[in-house]
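**Q** Sequences listed follow chains D and R, in order.
Here the first sequence is numbered in this note's numbering, starting from 123 and rising by one per residue.
Here the second sequence is numbered in this note's numbering, starting from 123 and rising by one per residue.
Everything labelled a hint here was simulated from the structure, so no lab data went into it.
C-beta: ideal position from N, C-alpha, C; glycine also.
Watch out, some of these pointers could steer you wrong.
Taking lysine to any residue pairs in the SDA-like style, the calculated list, with each CA pair at most 25 Å apart, reads [unchecked claim]:
hint, chain 1, residue 1, chain 2, residue 2
1, R, K508, R, E458
2, R, K313, R, D240
3, D, K474, R, A356
4, D, K508, D, A455
5, D, K299, R, G329
6, R, K474, D, R138
7, R, K299, D, K508
8, R, K299, D, K474
9, D, K299, R, W130
Computed Cβ-Cβ distance ranges for the label pairs, DEER-style [said to hold, decoys possible]:
hint, chain 1, residue 1, chain 2, residue 2, range
10, D, G284, R, S328, 51 to 59 Å
11, D, D289, R, G159, 33 to 41 Å
12, R, S328, D, G496, 26 to 34 Å
Facing chain R, from chain D, some residues (calculated, C-beta under 8 Å) [said to hold, decoys possible]:
hint, residue
13, P133
14, L136
15, Y137
16, R142
17, S170
18, R173
19, T216
20, V217
21, D229
22, G305
23, G321
24, S328
25, G329
26, T404
27, E408
There are 2 protein chains.
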Amino acid sequence: MASLDEGWADPARLYREGRRARLLLDAAREAAAEAVGCRGDELVFTSSGTRAVHSGIAGALAGRRRAGGHLIVSAVEHSSVLHSAAAHEAGGGTVTEVPVDRGGAVDPEAYAAALREDTALACLQSANHEVGTEQPVAEVAAACRAAGVPLLVDAAQSLPWGPVDGDWSLLTGSAHKWGGPAGVGLLVVRKGVRFAAQGPVDERESGRAAGFENIPAIVAAAASLRAVRAEAVAEGARLRELTERIRARVPGSVPDVEVVGDPVRRLPHLVTFSCLYVDGETLLHELDRAGFSVSSGSSCTSSTLTPSHVLRAMGVLSEGNVRVSLPVGTEAAEVERFLDVLPGAVREVREKLGAPGGARAREEGGSLVVDAVGKRCPIPVIELAKVIGDVPVGGTVTVLADDEAARLDIPAWCEMRGQEYVGERPADRGSAYVVRRRS
Amino acid sequence: MASLDEGWADPARLYREGRRARLLLDAAREAAAEAVGCRGDELVFTSSGTRAVHSGIAGALAGRRRAGGHLIVSAVEHSSVLHSAAAHEAGGGTVTEVPVDRGGAVDPEAYAAALREDTALACLQSANHEVGTEQPVAEVAAACRAAGVPLLVDAAQSLPWGPVDGDWSLLTGSAHKWGGPAGVGLLVVRKGVRFAAQGPVDERESGRAAGFENIPAIVAAAASLRAVRAEAVAEGARLRELTERIRARVPGSVPDVEVVGDPVRRLPHLVTFSCLYVDGETLLHELDRAGFSVSSGSSCTSSTLTPSHVLRAMGVLSEGNVRVSLPVGTEAAEVERFLDVLPGAVREVREKLGAPGGARAREEGGSLVVDAVGKRCPIPVIELAKVIGDVPVGGTVTVLADDEAARLDIPAWCEMRGQEYVGERPADRGSAYVVRRRS
């Protein structure tokens, strides 16, 4: 509020309001740099975290053009990183996507093995935005340093909780992720890192972020980062205990649930689970009616009808996916109420979907066939679960489905249920997924 | 303030805060579109006016790549347009800069003559940001339309006062220019205009402005645009009368002043003048001490030590340049106080600079030579003015100077004083400017 009154002027101007704005901007830069663990002149403010990522990747790639055109990213990066990688590929560059394990983390050795002679830049998030898994940034940074390749860390998720360990070269963040205002991101480029800002530039922010600085928002961003950091240790421990309650108790109170993400190396405030036989969008609306605002990576909730690329890369169930992000200050009582409400909400959605979905099972050459073509998630998995009991142990059932989520969720269901996923083959419409009954 | 409470959520989310944010965003878009005179689905919000210009030019050029790589701009565009043009040129494109007259306006016929078979895009500001001159946008838009070339109008200066006339194709604006918050720009792309957003994109803002929308700022921007527009006719007339007072009275109260910019086709709130023998930065500090926050396009006030490209393109005096921008609501009494204070402030600066500057005049082959090498503006012009009386009518004086502003200000001084500017030639250090005494 104070900076709305004092920070409206153009810091490039000589009159007193401009000088005052410049002082506010400089102070905010120093405060943010201290929180990040860098020098003030290594940090610029951008108009969003997304812009910081886009500008950071483009500038680092251009600065290392002589080294080559190879970019490494993990498979679970934020879309802003993956969009940058896609743009790089469209422009003739090459991209390696390092896979993750079922917990969502990259293997540092696998990451290091992706480094090549022509690698210009490597990117790795500090922690995942959908499942909370922390990445082995320090190990990957050491491998990159040894190979002479700069590492860009998207630290949007972890910055509220502390600086990023390890010898990284570039770092990005987003103020609204730490409870600051929208419209402020930050981009850190360590001294000595080759960097060539792309696109039109001006004299603002060391030529790395063009346009009139949004000083009131920048000041609020720096102040809020300092405020959350002051309580990060205590609040992080408190929220970790609350998310641990959800991790521990949801599998007991809700049948057929998979909690996803690393149980230990994780962000304190985030917990994600997926519920079999549940349509994520309907569940979100049920929880919304009860006063809980949660997100989902289910395909049913996205406009593209494809499941979250993070859940896909982890190979975990995407249907009925729920992401609970506890804001700083969340009361234990609220979490208890959520745990009370959730089982009934899931039950209700399952009852709604339990009605015959129109899919039919038929015999075909000794194998049971379930036709779920034209049905959206979670119907194909529900129909599979309905008929598996009719299959003799050792026999197979084939599910015909054209919903993109089935490719992910049928193997995930098999893994959860101890059944064997045999494989997939093209069908007249969509694909045929074959499952063998084990028990 | 209300939208800080209600608009913090992600409009892409399904829970109620997200839906509420989406409604606020949609309402802001409709309000802004109505003020601009376009459809809601033609307008996206960007993170600044600069970003709107950069994205608009890059997207329009890419969308018309098949037509060719030729871009037209006026010589007095905002730096964001000129930086985009420079980036286009660096990428292999060609750029034509259309000159302006001494009032700062382009000639529509000259602009039309720059249109070529391979012109992909033409850009013209609605009004100039330094001198307030309005451009003949409607005529230029008609010529562009006839040639099948889209016209992008940078309307940042004029949007508070009304929509832009004429059949333009793209338009950009900046909220902090109409009294809204920093961090919000707008980009309008008319239906049917070929446009291919450049760089990484996401699903936000129709794929034309990536990153989490700053909804509180966007809502405030739309509300403030509506508010200033409600009073634009009355307030514009009132401010026009106040700036007219400055235009009319400054030349009478301050000797050796040139008021610049078109006296009639101009913005209501802006007035710019240049004072001979004055250092712009010192004058700004004098006025700042008296409580007036003004800007300057003098070379002495910029970090690059080159005078404003606008004043240079107009061929007017840059030294002692003062730009007065009256905010909405400025009282007549404040303007009167400025008019009272100004003559004394200018006199004081002139007295300070009047002390021998270290330049010396000497005879050389029948011509007087003034050596002002190493002296910054306005010293070279002051020294010229000091010795011109010693030159016989018809004789010449040569000024040696290496300050970039001298190239602009010595001819401008000649024009103001009815002396003849003979020309320039390279010297050992800097240039030699030759002036013939006429009277």
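**Q** Next step is simple, just say for each hint if it's right about the structure.
**A** Results for each hint:
1. R:K508 to R:E458: Violated - the C-alpha atoms of E458 of chain R and K508 of chain R are around 32 Å apart, more than 25 Å.
2. R:K313 to R:D240: Between K313 of chain R and D240 of chain R the Cα gap is close to 22 Å, so the pair holds against 25 Å.
3. D:K474 to R:A356: Status violated; Cα separation ~61 Å.
4. D:K508 to D:A455: Violated: K508 of chain D and A455 of chain D sit about 37 Å apart, past 25 Å.
5. D:K299 to R:G329: 22 Å, holds
6. R:K474 to D:R138: 22 Å, holds
7. R:K299 to D:K508: 63 Å, violated
8. R:K299 to D:K474: Not satisfied, since the Cα-Cα distance of roughly 53 Å exceeds 25 Å.
9. D:K299 to R:W130: Holds, at about 11 Å.
10. D:G284 to R:S328: 51 to 59 Å: Given about 37 Å between the Cβ atoms, the range is violated.
11. D:D289 to R:G159: 33 to 41 Å: Taking Cβ atoms as reference, D289 of chain D and G159 of chain R lie about 54 Å apart, which means the hint is violated.
12. R:S328 to D:G496: 26 to 34 Å: The hinted range 26 to 34 Å holds for S328 of chain R and G496 of chain D, with Cβ atoms some 30 Å apart.
13. P133: Constraint on P133 of chain D not satisfied, violated at 11 Å.
14. L136: Result: holds, 5 Å to nearest chain R Cβ.
15. Y137: This hint holds: Y137 of chain D lies near chain R, its Cβ roughly 4 Å from the closest one there, short of 8 Å.
16. R142: 11 Å, violated
17. S170: 3 Å, holds
18. R173: Hint on R173 of chain D: holds, closest Cβ of chain R at ~5 Å, below 8 Å.
19. T216: It is violated, given that the least Cβ distance between T216 of chain D and chain R is near 16 Å, above 8 Å.
20. V217: This hint is violated: V217 of chain D lies away from chain R, its Cβ roughly 13 Å from the closest one there, beyond 8 Å.
21. D229: 27 Å, violated
22. G305: It holds, given that the least Cβ distance between G305 of chain D and chain R is near 4 Å, below 8 Å.
23. G321: 6 Å, holds
24. S328: Nearest chain R Cβ about 13 Å off; hint violated.
25. G329: 10 Å, violated
26. T404: Interface hint status for T404 of chain D: violated (10 Å vs cutoff 8 Å).
27. E408: 11 Å, violated
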